[in-house]
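Please build the complete structure, drawing on both the sequences and the hints.
So the protein sequences, as listed, match chains A, B, C and D.
Using my numbering, you'd call the opening residue of the first sequence number 198 and step up by one each time.
Using my numbering, you'd call the opening residue of the second sequence number 198 and step up by one each time.
Using my numbering, you'd call the opening residue of the third sequence number 198 and step up by one each time.
Using my numbering, you'd call the opening residue of the fourth sequence number 198 and step up by one each time.
Rather than coming from a laboratory, the hints here were simulated on the basis of the structure.
All values reported here derive from a predicted model rather than from experimental measurement.
Don't take each hint at face value.
For identical chains, the list gives no copy identity; a pair is met inside one copy or between any two copies.
Below are the SDA-like pairs computed for lysine to any residue, each with C-alpha atoms no more than 20 Å apart in a straight line [claimed, not checked]:
id, residue 1, residue 2
1, K483, A400
2, K483, H384
3, K356, I399
4, K483, S382
5, K483, E460
6, K356, T481
Protein chains: 4
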Amino acid sequence: MKIGVVGTGFVGSTAAYTLAMQAVGSELVLVDHQPALAQAHGMDILHAVPFSHPVQIRSGDIADLHGAQLVVVAAGVNQQPGETRLALLQRNAAIFSALIPQIVQAAPDAVLIIATNPLDIMTHIATRIAVAAGLPASRVIGTGTMLDTARFRALLGEKLGIASESVHAYVLGEHGDSEVLVWSSVHIGGIPLADFAAARGIALDDTLRAAVDHGVRRAAYQIIQGKGATYFGIASAITALSRAVLFDERCVYTVSAMHSEVEGIPSVSLSLPGIIGRNGLTGTLKPVLNAAEHAALQTSASVILQHIQAMDAAA
Amino acid sequence: MKIGVVGTGFVGSTAAYTLAMQAVGSELVLVDHQPALAQAHGMDILHAVPFSHPVQIRSGDIADLHGAQLVVVAAGVNQQPGETRLALLQRNAAIFSALIPQIVQAAPDAVLIIATNPLDIMTHIATRIAVAAGLPASRVIGTGTMLDTARFRALLGEKLGIASESVHAYVLGEHGDSEVLVWSSVHIGGIPLADFAAARGIALDDTLRAAVDHGVRRAAYQIIQGKGATYFGIASAITALSRAVLFDERCVYTVSAMHSEVEGIPSVSLSLPGIIGRNGLTGTLKPVLNAAEHAALQTSASVILQHIQAMDAAA
Amino acid sequence: MKIGVVGTGFVGSTAAYTLAMQAVGSELVLVDHQPALAQAHGMDILHAVPFSHPVQIRSGDIADLHGAQLVVVAAGVNQQPGETRLALLQRNAAIFSALIPQIVQAAPDAVLIIATNPLDIMTHIATRIAVAAGLPASRVIGTGTMLDTARFRALLGEKLGIASESVHAYVLGEHGDSEVLVWSSVHIGGIPLADFAAARGIALDDTLRAAVDHGVRRAAYQIIQGKGATYFGIASAITALSRAVLFDERCVYTVSAMHSEVEGIPSVSLSLPGIIGRNGLTGTLKPVLNAAEHAALQTSASVILQHIQAMDAAA
Amino acid sequence: MKIGVVGTGFVGSTAAYTLAMQAVGSELVLVDHQPALAQAHGMDILHAVPFSHPVQIRSGDIADLHGAQLVVVAAGVNQQPGETRLALLQRNAAIFSALIPQIVQAAPDAVLIIATNPLDIMTHIATRIAVAAGLPASRVIGTGTMLDTARFRALLGEKLGIASESVHAYVLGEHGDSEVLVWSSVHIGGIPLADFAAARGIALDDTLRAAVDHGVRRAAYQIIQGKGATYFGIASAITALSRAVLFDERCVYTVSAMHSEVEGIPSVSLSLPGIIGRNGLTGTLKPVLNAAEHAALQTSASVILQHIQAMDAAA
Ligand SMILES: NC(=O)c1ccc[n+]([C@@H]2O[C@H](COP(=O)([O-])OP(=O)(O)OC[C@H]3O[C@@H](n4cnc5c(N)ncnc54)[C@H](O)[C@@H]3O)[C@@H](O)[C@H]2O)c1
Ligand SMILES: NC(=O)c1ccc[n+]([C@@H]2O[C@H](COP(=O)([O-])OP(=O)(O)OC[C@H]3O[C@@H](n4cnc5c(N)ncnc54)[C@H](O)[C@@H]3O)[C@@H](O)[C@H]2O)c1
Ligand SMILES: NC(=O)c1ccc[n+]([C@@H]2O[C@H](COP(=O)([O-])OP(=O)(O)OC[C@H]3O[C@@H](n4cnc5c(N)ncnc54)[C@H](O)[C@@H]3O)[C@@H](O)[C@H]2O)c1
Ligand SMILES: NC(=O)c1ccc[n+]([C@@H]2O[C@H](COP(=O)([O-])OP(=O)(O)OC[C@H]3O[C@@H](n4cnc5c(N)ncnc54)[C@H](O)[C@@H]3O)[C@@H](O)[C@H]2O)c1
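Structure, rendered in structure tokens:
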């Protein structure tokens, strides 16, 4: 069970640390185009291993991914002052154009987990390139709204006084501003949210909903303002997803993947509940939504499609 | 975090092993009225500790529960040839009449987890006695249908090709023949079961439902026929419940507890979804059921009430 | 990561439960010549899975071990009244003669972990048969004195008031009466035992040593007297060993294996510290012993050799 | 089990994340004099919780540590351009003079774990202040050379092809340049290093020793050069130490604490193997060293003493 992590900034390195600590995989290879950075993280994580289960860790280059069953991609560049969103996207797309074929060549049996933002576009690009390089599309998975779903569950749990483990709630669509919190299907321990709230005397009013919505949707901004980047939540999401792949768990997670059609919008990558196993995404579930949620998901799909089209037009 | 286990037969000993291996609690005290049995289990578990996290384990008597924050009660006797169910119940009730006051005296701050069968009646008895001894009723929790819920989720998961972790399904009522599988609220990764099955091309017909129903309801019988007793599933349920108490998790589990009224039936102990934390059961959720399920839950409550009344009449 | 467990009595079933709970492996296949027993254990363990990580569990026959990377063998028969030790051994040898070739055929890439007693003889037999069937000898490992080592560490830890995790002590030789507690190399957190005891004011006298020696050597007898069999400690040992193989950990454990020579005794299977990884036993460490320990290890080797010779003569 | 983390820079925040993920403790309170930073980390960690066990996380101020059983202190300032080491030390000492009494007042039953550098001096200062505020000295523990010990084990493991888990090696003295790698007592699975190396054909020459020594002693510098700070290793060390306290494990770790005398040097704080339990440091082990190691430890103690004296003189 060899795992590669490509791009060992905050996200990639914290994911590698979490994978090591939770003993998912037996061998970790860290790759970054700043090799000294990957090496430093590798050393720091190595020093954590005696406190956990034995795992082998080293840094290397793409060729060292040979034989990996899973490759996490968190490589990316940051927006420069004055740079447009499209320009940034093009730079990240250029990175993927170079990286993904090399990864597929080195690890042709791997499942790829994409974490780089803008998540859905990068997943779309990665899937196109990987498919061209011979990988089935189902082996490219974006972390998508897994983190947003975790935020939704955690915040609802806090508001309701319930462990997030017992809060079943999902965020779909774009990993970004247009994402859709599926309020209509929230359940707490088997009970629909409205019934739960009524019975517990909790006012499920617009204020509470808006606070949770804001907390989920603006979480990244708030965290980035406070600490410059977000990485603990996403690292745990990557680790859960990696586990699901390597242990063929067939868990359902809200992951991003290329869909031929979503709410009438063709060929777009975004998050729907997906079944994750040894071969990647082995099935997508069609969510049950109310009219407003359908519309919001369609809007979200359109937003992503526009970005893809803008990018393609600029190419 | 001191935990006592009273009654170290198959269930109590396997629960103690699981608690030790998962490092829930830091000190385990095993008590059985066959002290040699408790001691032998204590030794066997002690030899597993070097492969896990450090935990202290010893056997002792009820007085050694002093200071325990949690006491698991799995003490009981088995049906003798020709013995009626009521006679058996009376013998177990006699055991609890002696045990519970001693436990409460030794560990007045503990939460009690009851595993002895017939589970709901024994939880009812334990609650009455514990309350008389000064413990709040909310600190007495029966494992109830936690195991049945796990069976429901595991079997559905197998049939649907999904990790049980992503199957949200609940069994309520009696831990026994009259239990209620709440099919109407089953969700798979946020999707109602019917929609899920339709989309995945799985025929949710009576045959499948009957197979699952039979698998859940008859599991104990089948296992007992094959191996004489059931203990792995219940030991894991006890461990999860113990974790929820000791770590104040506020998870929702289908536990048995004394309710003043269920579906019109007064003063009966049975399983509903409950919120579990440091002080035991800190809230009960009112399930949303269809008409047939309401009726079945009422029947289940009646069955339990009749047993309680028969027992009280015979006392 | 598919694991087979052949022989699902107390030891095999508890090992399977522990493997599932600690999420070592992703697929477990239980095999017993009493299929109803294997099936009942499989069901019971399945019901524990929703409280842990997703693992697939089923019962089957030897052919279902196809593709397993690891097979635990805990199949065996018990001594009949009046039966000699040799006669019992012959019956277990007969079982292995039938079983091992089938296992190797079904899972030619597996590492075999042997737990059946008399452990060292059964490991010897299994190795011979497996080698004849084409498996390298290094892929057959007996749990050996792993359990005895755990007992030594746990008991010393209790006597010294130290976590067994920080007690470094080893038992070598036969998993049985002639085993050798290597007192001369016991270290506590890097400090030789004698220095540790002197500094802490603990009298390391013959009484304490005899108590620990007795506790280690007679543990199985005491536990069997109290509960009929031992299984929690050995199940955790099997799980640790399985982890070391599947995750290529290269941990050192005192395992039984066939050695060309031990203390001048030729071709004998017994426990020495061994390095465990993906390919089984990848190296054996030569222990540093004092004269008495050398002699005791030689005696232990002779005892085992005699049993092997007696068995071969009777064949 | 409430844990406070004071100072949520790289080290404190990664420790909090690790504590949450490994479910040590049930409640985490993050405190930093940049409240927005503590809050952002709290949010990020909260989003990881749904992938792990339920833990409560929030940020707050020192008063919110009320009732904590453990407080991790990783608050500190960084060297300014042109600032002398002594001047830096004085600034950190000033921070502790303000912080520690407030922590002791808020959480009078807590054990304090100190991680701020220069570690041994800061532990010395913290102990003095805490004792003045009424805490027993044994309740103040510096992480000391726990990290260096982990580095020693990890590097030796890599060089020897053995899991670090089976490498028993210790670093004592200063957490810093004068630290002492105790080569004389290194054992691999019970075998002295020299015997192990000889038997495995590994040349234990000066080159290998120097490489390991350099790797351990210069690890922090190398990592800081590559990534700006070290935090994964130390976060895991803090988590292991926290576990040992909260679960009363009585593990042996090389922690820093105030000793009345070390190698003839009076009243100095540095690392020796210590027994860690619910009340903090419950015993210190006297290491067995060769002459060179004794001398090196004495030098290390002198170095620390000089820093303490310089600081006291400047006060
Ligand atoms: N999916 C999510 O939920 C989620 C959450 C947080 C962050 N992110 C995204 O993850 C990405 C990484 O974030 P970060 O905070 O770690 O950023 P970062 O800048 O710290 O790390 C990016 C790393 O990628 C490396 N890199 C750049 N080009 C490379 C190449 N060609 N080959 C190898 N490595 C290369 C850089 O050297 C750098 O170390 C960003 O795009 C970020 O927006 C996603
Ligand atoms: N709740 C569930 O889901 C569930 C599942 C499985 C079993 N159970 C029940 O758990 C109970 C235990 O089952 P088991 O298989 O371990 O049975 P068992 O017979 O192996 O163990 C019962 C133990 O209780 C001890 N005991 C009896 N009276 C005692 C007393 N006064 N004080 C202390 N110990 C006493 C006995 O010595 C024995 O060791 C049974 O009632 C069983 O039906 C419940
Ligand atoms: N190595 C150790 O440290 C250690 C510790 C405890 C027990 N043991 C040994 O482990 C073995 C198992 O112990 P147990 O308590 O589980 O015994 P058990 O009698 O409960 O189980 C043995 C199982 O093997 C099965 N079996 C017999 N022949 C078989 C065959 N041909 N194919 C498949 N299955 C077959 C039986 O049906 C039975 O279920 C015994 O030999 C015991 O002495 C070893
Ligand atoms: N012991 C070890 O093995 C080890 C290893 C690595 C780092 N460290 C040390 O740990 C410390 C923290 O390192 P870091 O990388 O996290 O540094 P950092 O600068 O990222 O974090 C320090 C934090 O302390 C906070 N702080 C400062 N004064 C405070 C006060 N009065 N109250 C509350 N918070 C205050 C700062 O706001 C900052 O967030 C440093 O001293 C570092 O040298 C020790």
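Are the CA atoms of K483 and H384 at most 20 Å apart within a copy, between copies, both, or neither? both (17 Å within a copy, 13 Å between copies)
One pair to classify: K483 and A400, alpha carbons no more than 20 Å apart. Within, between, both, or neither? between (30 Å within a copy, 17 Å between copies)
- Under a CA distance limit of 20 Å, which applies to K356 and I399: within one copy, between copies, both, or neither? within (9 Å within a copy, 37 Å between copies)
Measure nothing new, just compare the shortest in-copy and cross-copy C-alpha distances for K483 and E460 to 20 Å and report within, between, both or neither. within (10 Å within a copy, 35 Å between copies)
- Query: Under a CA distance limit of 20 Å, which applies to K483 and S382: within one copy, between copies, both, or neither?
  - Reply: both (13 Å within a copy, 17 Å between copies)
My question is about K356 and T481: at a cut-off of 20 Å on alpha-carbon distance, are they close within one copy, between copies, both, or neither? Classified as between; 17 Å across copies, 30 Å inside a copy.
Going through the hint list in order, the structure satisfies each hint without exception.
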